[in-house]
Amino acid sequence: MYIREAHPSDGWRPAQHVKIEDPKTLGEREDVAKGCSGALELSMPFLVDDMRDTVAKAYNAKPDRLFILDAQSKVAYRGDRGPRGFKVDEMVKSLEKLLAASSKPAAEHE
Amino acid sequence: MRLLLIAALSLLLLPVGVLADEADEEGAAPPAPPPAGGGRRGGPRGGMLERLKQMDANGDGTITREEFRGPARFFDRLDADGDGELTTEEVERAASRGGRSGRAGGRSGGLTPGALDTDRDNKVSKAELDAWFEKADQNGDGFVDAAEWTAALSGRALRDPAPAVGASAPKVKAKRLGKDEHVDLGQVKRITVLIFGSHT
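Those protein sequence lines, which keep their order, are chains E and B. If you count by this note's numbering, then the first sequence holds residues 2 to 111, one letter each, in order. If you count by this note's numbering, then the second sequence holds residues 533 to 732, one letter each, in order.
Bear in mind the hints are in silico, worked out from the structure with no lab data behind them. Ideal placement from N, C-alpha and C gives every residue a C-beta, glycine not left out. Heads up, some of the hints might be wrong.
Cross-link-like lysine-lysine pairs, in silico, DSS-like; alpha carbons within 30 Å at most [said to hold, decoys possible]:
hint, chain 1, residue 1, chain 2, residue 2
1, B, K721, B, K703
2, E, K58, E, K35
3, E, K98, B, K703
4, B, K705, E, K88
Some chain B residues near chain E, calculated using beta-carbon distances under 10 Å [what the hints assert, rightly or not]:
hint, residue
5, K658
6, L661
7, W664
8, G674
9, S700
10, D716
11, Q719
12, I723
13, T724
14, V725
Work the whole structure out from these sequences, hints included.
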């Protein structure tokens, strides 16, 4: 789930590893998301938030965060806000438990 | 009794003339009137210091419990190191905190010199300020954003509006990258991991 840049080059605290200006349009954000997907060689589906940050706000997800939804669209796991709360191991353990309790395959969206 | 109650409440808010009222209530000779421009609440700190100086019966620069003319609980609030004596430094520190104890809380959220000075050396070090920042930066991203700032100053836990475990996923849509379609996250039919983030 690609959301607003956490450390844009035109922001308060620019990232050091990459320089990306805060996208001003959905098209710009999609271009940045494509670049990110390519740079990280990710094959999982990418979703892109709109310029009102609708999804990020609904999930209070800035700058990064992990959730798991079950097959009934209920929240099965809610990580704390990142970076401190961005705990992949913790999420994986929840996912394993959920999968063990269900026969349906998991889908990943980013 | 009314005067005593008013004096007790005023002492919590940096009194200047209230200690004089206390002395009057207890029948002792009233101290000198406050400096020009002083008042019962919010007046110059010099007024409070003047009052205390006048209580220092033996002139040794400190006010003992016996010399203090006010409720015992207020003496305890001012006596930061708990040694049974009030020094000029303790009174000045209390004055900068508005007469309250050094504990963090209230509307200042611990962002006062008295509350930040955790080692009680009358100075706020960078380490002490960093410790406050670390606590206020609840998500650890190196910023205290507006919500964290408000939470820190109010002393309340940061409200998290994210859907709780067991709640229905918000009915929000997001565009699928590279495709002309949207996914309704409130209608997923498979176990779905949402990884929120950006390139930076």
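Comparing the hints with the structure gives:
At roughly 13 Å between alpha-carbon atoms, K721 (chain B) and K703 (chain B) fall within 30 Å of each other, so this suggested pair holds. Our distance criterion of 30 Å between C-alpha atoms is met by K58 (chain E) and K35 (chain E), whose separation comes to about 22 Å. Distance hint between K98 (chain E) and K703 (chain B) is fulfilled; the C-alpha atoms sit about 25 Å from each other, no more than 30 Å. As the CA atoms of K705 (chain B) and K88 (chain E) are separated by approximately 25 Å, the hinted pair is consistent with the 30 Å bound.
Here the hint on K658 (chain B) is broken, as its CB sits about 19 Å from the closest CB of chain E, past 10 Å. With its C-beta approaching chain E no nearer than about 18 Å, L661 (chain B) sits outside the 10 Å limit, and its interface hint is violated. A least Cβ separation of about 17 Å between W664 (chain B) and chain E goes past the 10 Å threshold, and the interface hint is therefore violated. Against a cut-off of 10 Å between C-beta atoms, the interface hint on G674 (chain B) holds, since the closest Cβ of chain E lies about 7 Å away.
A hinted interface residue such as S700 (chain B) counts as satisfied when its beta carbon comes closer than 10 Å to some beta carbon of chain E; here the least separation is about 6 Å, so the hint holds. Because the smallest distance between the Cβ of D716 (chain B) and any Cβ of chain E comes to about 9 Å, under 10 Å, the interface hint for this residue holds. Restraint check, Q719 (chain B) versus chain E: the minimum CB separation of about 6 Å is within 10 Å; hint holds. Hint on I723 (chain B) holds. Least Cβ distance to chain E is approximately 4 Å, under the 10 Å limit.
Nearest Cβ of chain E to the Cβ of T724 (chain B): about 4 Å, under the 10 Å cut. The hint holds. Restraint check, V725 (chain B) versus chain E: the minimum CB separation of about 5 Å is within 10 Å; hint holds.
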